[in-house]
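Trainee: Residue numbers (the working numbering), protein chains in the order written: chain F, 1 to 157; chain X, 158 to 314; chain Y, 315 to 401; chain G, 402 to 488.
Keep in mind that the hints were calculated from the coordinates and are not lab data. Honestly, I wouldn't trust all of these hints.
Which bits of chain F does chain Y cover? Going by a derived footprint, with three or more residues having C-beta under 8 angstroms, they are [stated by the list, open to error]:
{"#": "1", "region": "49–62"}
{"#": "2", "region": "65–78"}
{"#": "3", "region": "117–126"}
This structure is a prediction, so every number in the text was calculated from the model and none was measured. Where is the CB? At the ideal position from N, CA and C, for every residue including glycine.
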Amino acid sequence: MTVSVQEADFNVGDETSRLTDGNTDIGAVVTFTGLVRGGTDTNPAATMTLEHYPGMTETELERIEAEAHDRWPLAATRIVHRVGPLQPGENIVLVIAASRHRQAAFEAAAFLMDYLKTKAPFWKKETDNAGQGAWVDARESDNIATDRWQNPSKTRR
Amino acid sequence: MTVSVQEADFNVGDETSRLTDGNTDIGAVVTFTGLVRGGTDTNPAATMTLEHYPGMTETELERIEAEAHDRWPLAATRIVHRVGPLQPGENIVLVIAASRHRQAAFEAAAFLMDYLKTKAPFWKKETDNAGQGAWVDARESDNIATDRWQNPSKTRR
Amino acid sequence: MTGTVKLMYFAWVREKVGMSSEDAQLPETAKTVADVMAWLKTRGPEFQAAFENDTVIRTAIDQTHAQHDATILNAREIAFFPPVTGG
Amino acid sequence: MTGTVKLMYFAWVREKVGMSSEDAQLPETAKTVADVMAWLKTRGPEFQAAFENDTVIRTAIDQTHAQHDATILNAREIAFFPPVTGG
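Sequences and hints are given; from them, build the entire structure.
Mentor: Next comes the structure, spelled out in structure tokens:
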């Protein structure tokens, strides 16, 4: 099971060990951890609540993961995404890409995050200390980041 | 202390927590872990021994780290490099870059690794099961990877 | 039971329509996702508000991303949601 | 004690010269790193072997990377080593 959608926290060390232990073909492991940032003084974010589309989320994450394995020579990958209420400083998402060499691991981890951000059905709602909630807007920069992987000549091995 | 050269192993989870705990300005953490790969059937690598230049190593790693902070808006970085004899599957190096956003964290981690590979005074010697030792050759691909950061217009924020 | 499809709503679409899912009997004239959204808008002010600016709404058919002009032939589940913001 | 400098050798350079460091009295004619390597080669077969193909050897002056044409004026420590292979 390389994709998990869960309320529980994760530990990047434990998740990494689980992928690499006993596999001496792995020379490079890149992890990405996304965390809830605190707000600014004028706009403090007290809680971030993650909603998702059960069923589709897992299917979509597995599809993204399979595409990464098609594009790069990866020994292992892992995606963990938390749902439910999360406080500033808490982990949201973990992506791991393991390969023989570092370039494939770096590129695949960035690819997984870019695709996850624009394809996986999660939605963030920020609730400030006054109890006022606001859905987070999608960022155009995330679409641009995903589009850069569309040119096969630049990204496929 | 953000640079360590040590014989002891490291834990990517503990090292990440140490950087992020209590800092709610961090939204993205990228880690790179380099591991000793096992050899092929015809050329098994039994032990990898890491030699370095005490004093210069730490100075050079701190210089590389400072350059990353000049180039990207980073909340924190960390470099751990092991020395001495290491077996296949063991950790060699850990690089962590933490930032508000993922692009800076990804780019800075890749930059740190590229520069470390070509500038930090470490040397690897492989000893096979027959006790035959051979110094690992530098890879031209590592120089090419480092050169890509030389064009300021493409890499500086 | 042909003609019955499960409709799913997420995030602010869910909040505006006031429910997370329903089993609906679509009109026979609805052939695409866009047709379904046009029909939903006729179902009351909460639906009109949710689908007012329907170009921003993303859709999925049977848990796969779909364009607004995608056919709903044989669809069992159609979902409506804002652009995703995970990660 | 002017004129005395610490020479450091690493990896296969160290193995070939048979020592990791030494305090050396350099000839007054040695002005650059290249001059030092030329002089080292005259010190015996082990040095000749180590510095035979000296274009591949990397050098540092006082723990900072230096080119072969760098001046050794005021240098306290000069190091000789193969291209680095850490990471």
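Trainee: Does each hint hold? Answer for all of them.
Mentor: Checked hints:
{"no.": "1", "hint": "49–62", "verdict": "holds (count 8)"}
{"no.": "2", "hint": "65–78", "verdict": "violated (count 0)"}
{"no.": "3", "hint": "117–126", "verdict": "holds (count 9)"}
Comparing the model with each earlier hint shows a violation of hint 2 alone; every other hint is respected.
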